[in-house]
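The listed protein sequences derive, respectively, from chains A and B. So in our numbering, spot 90 of the first sequence is number 90, and the numbers just go up one at a time. So in our numbering, spot 105 of the second sequence is number 105, and the numbers just go up one at a time.
Take the hints with a grain of salt, since some may be wrong.
[As the list claims (entries may be wrong)] Calculated Cβ distances over 12 Å to all of chain A for the following chain B residues:
(1) Phe34
(2) Pro40
(3) Glu45
(4) Ala53
[Said to hold, decoys possible] Computed list of lysine to aspartate or glutamate pairs in EDC-like fashion (alpha-carbon distance at most 20 Å, straight line):
(5) A:Lys41 x B:Glu81
(6) B:Lys42 x A:Glu63
(7) B:Lys42 x A:Asp65
(8) A:Lys42 x B:Glu17
(9) B:Lys59 x B:Glu1
(10) A:Lys41 x B:Asp82
(11) A:Lys41 x B:Glu45
(12) B:Lys68 x B:Glu1
(13) A:Lys42 x B:Asp39
(14) A:Lys42 x B:Glu45
(15) A:Lys41 x A:Glu102
(16) B:Lys57 x A:Asp27
(17) A:Lys41 x B:Glu9
(18) A:Lys41 x B:Asp39
(19) B:Lys59 x A:Asp88
Just so you know, the hints here were simulated from the structure itself, not pulled from any lab data. Every residue, glycine too, gets a C-beta built ideally from N, C-alpha and C.
Spelled out from the first residue to the last, the chains are:
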Amino acid sequence: GAVVSQHPSRVICKSGTSVKIECRSLDFQATTMFWYRQFPKKSLMLMATSNEGSKATYEQGVEKDKFLINHASLTLSTLTVTSAHPEDSSFYICSATPSPYEQYFGPGTRLTVT
Amino acid sequence: EDQVTQSPEALRLQEGESSSLNCSYTVSGLRGLFWYRQDPGKGPEFLFTLYSAGEEKEKERLKATLTKKESFLHITAPKPEDSATYLCAVSNTGNQFYFGTGTSLTVIP
Numbered sequence: 001g002a003v004v005s006q007h008p009s010r011v012i013c014k015s016g017t018s019v020k021i022e023c024r025s026l027d028f029q030a031t032t033m034f035w036y037r038q039f040p041k042k043s044l045m046l047m048a049t050s051n052e053g054s055k056a057t058y059e060q061g062v063e064k065d066k067f068l069i070n071h072a073s074l075t076l077s078t079l080t081v082t083s084a085h086p087e088d089s090s091f092y093i094c095s096a097t098p099s100p101y102e103q104y105f106g107p108g109t110r111l112t113v114t
Numbered sequence: 001e002d003q004v005t006q007s008p009e010a011l012r013l014q015e016g017e018s019s020s021l022n023c024s025y026t027v028s029g030l031r032g033l034f035w036y037r038q039d040p041g042k043g044p045e046f047l048f049t050l051y052s053a054g055e056e057k058e059k060e061r062l063k064a065t066l067t068k069k070e071s072f073l074h075i076t077a078p079k080p081e082d083s084a085t086y087l088c089a090v091s092n093t094g095n096q097f098y099f100g101t102g103t104s105l106t107v108i109p
C-alpha cells in the first residue's frame, strides 16, 4: 500500500520551455501532497505544500509563478516548471499523505534544462 | 523550534559489522517519527513509523527504536545492498514535517 508514482522519471528540455511533472497516489487518496527539490548529495528541500482544491502554499524563496502547482484531485498533483533555465535542473520529488502525519514519496523526476 | 539532527553524516562499515544511526529530535508535539531509505537517483523509500517512546519496529536487518529525545536505526550484520542514505523525519501536532540531513551508509564487502 501507499504507492506514489511520478511521471516522467527523466526529462530533458530546452531553455525557455515549460515542463510538467505529475504525481499520483495510486492506492490512497491524498488531501495533501508535497513537492521537494533535491540537489546532489543534499537533503530534501521543501518547495510547496499542495492541498486538493486550493492554492498551493510555497516556501520562502520559491517563485510561485515559476513553479506552478495544481492539485486537481485527491490522487493527482502537477508541478509545472515554466520558462525553464539551466539552474532549474534538479531532482524533483513529490510525496503524498494518506493521513495528516504520514508521507510517502514518489520515485522522483530528473529534470535537465539545456 | 522543531528540528531533527542525524548523526553521523557518513558511516562506512565492513560487511557484517553492526552499528546504529542516530536521529535526535526536538518537537512541540510528536505525531510520528519516520525512517526512510534513499538510494541515489530515487525517491525516499518508507521504512518505519514510530509513534511513542519505547516503541520498536523491525524489518530484516533493521530495527528502529524511539525515546522521548531520539531514535536509533540499528543495522545488524549489514550487507553491501544496505548501502544508502537513511533519512529521519518527524511530524508534529500541527502536521508539519521536519527532515534530518541523512546518514550516508556504505557497507564494504
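Structure-based check of each hint:
Chain A draws Phe34 (chain B) into its interface by the beta-carbon criterion, the shortest separation being 7 Å against a cut-off of 12 Å. For Pro40 (chain B), the requirement that its beta carbon stay farther than 12 Å from each beta carbon of chain A is not met, with the minimum near 9 Å. Residue placement check: Glu45 (chain B) does not keep its beta carbon more than 12 Å from all beta carbons of chain A (closest about 7 Å). With 12 Å as the threshold on Cβ separation, the claim that Ala53 (chain B) sits away from chain A holds: the shortest Cβ distance comes to roughly 17 Å.
Note on Lys41 (chain A) and Glu81 (chain B): the hinted pairing holds, with a Cα-Cα distance of about 19 Å set against a maximum of 20 Å. Simply put, Lys42 (chain B) and Glu63 (chain A) have alpha-carbon atoms about 25 Å apart, too far for the 20 Å limit, and the pair is violated. Distance check on the hinted pair: Lys42 (chain B) and Asp65 (chain A) sit about 27 Å apart at the alpha-carbon level, beyond 20 Å; violated. For the proposed pair Lys42 (chain A) and Glu17 (chain B), the alpha carbon gap of about 26 Å is over 20 Å, so the pair is violated.
Under the criterion of a C-alpha separation no larger than 20 Å, the hint pairing Lys59 (chain B) with Glu1 (chain B) is inconsistent with the structure, at around 32 Å. Between Lys41 (chain A) and Asp82 (chain B) the alpha-carbon distance is near 17 Å, which keeps this suggested pair within the 20 Å criterion. With a CA separation close to 16 Å, the supplied pair Lys41 (chain A) and Glu45 (chain B) stays within the 20 Å bound. The suggested pairing of Lys68 (chain B) with Glu1 (chain B) holds, with an alpha-carbon distance near 16 Å, which does not exceed 20 Å.
Taking the CA atoms of Lys42 (chain A) and Asp39 (chain B), the gap is about 13 Å. The hint holds against a cut of 20 Å. As the CA atoms of Lys42 (chain A) and Glu45 (chain B) are separated by approximately 16 Å, the hinted pair is consistent with the 20 Å bound. Distance hint between Lys41 (chain A) and Glu102 (chain A) is unfulfilled; the C-alpha atoms sit about 24 Å from each other, more than 20 Å. For a cut-off of 20 Å, the pair hint linking Lys57 (chain B) to Asp27 (chain A) is broken: about 24 Å separates their Cα positions.
Only pairs whose Cα atoms come within 20 Å are accepted, and Lys41 (chain A) paired with Glu9 (chain B) is accepted, the gap being roughly 11 Å. With a CA separation close to 11 Å, the supplied pair Lys41 (chain A) and Asp39 (chain B) stays within the 20 Å bound. At most 20 Å may separate the alpha-carbon atoms for a hinted pair to count; Lys59 (chain B) and Asp88 (chain A) exceed this at roughly 37 Å.
This entry does not satisfy hints 1, 2, 3, 6, 7, 8, 9, 15, 16, 19, going by the numbered hints stated previously.
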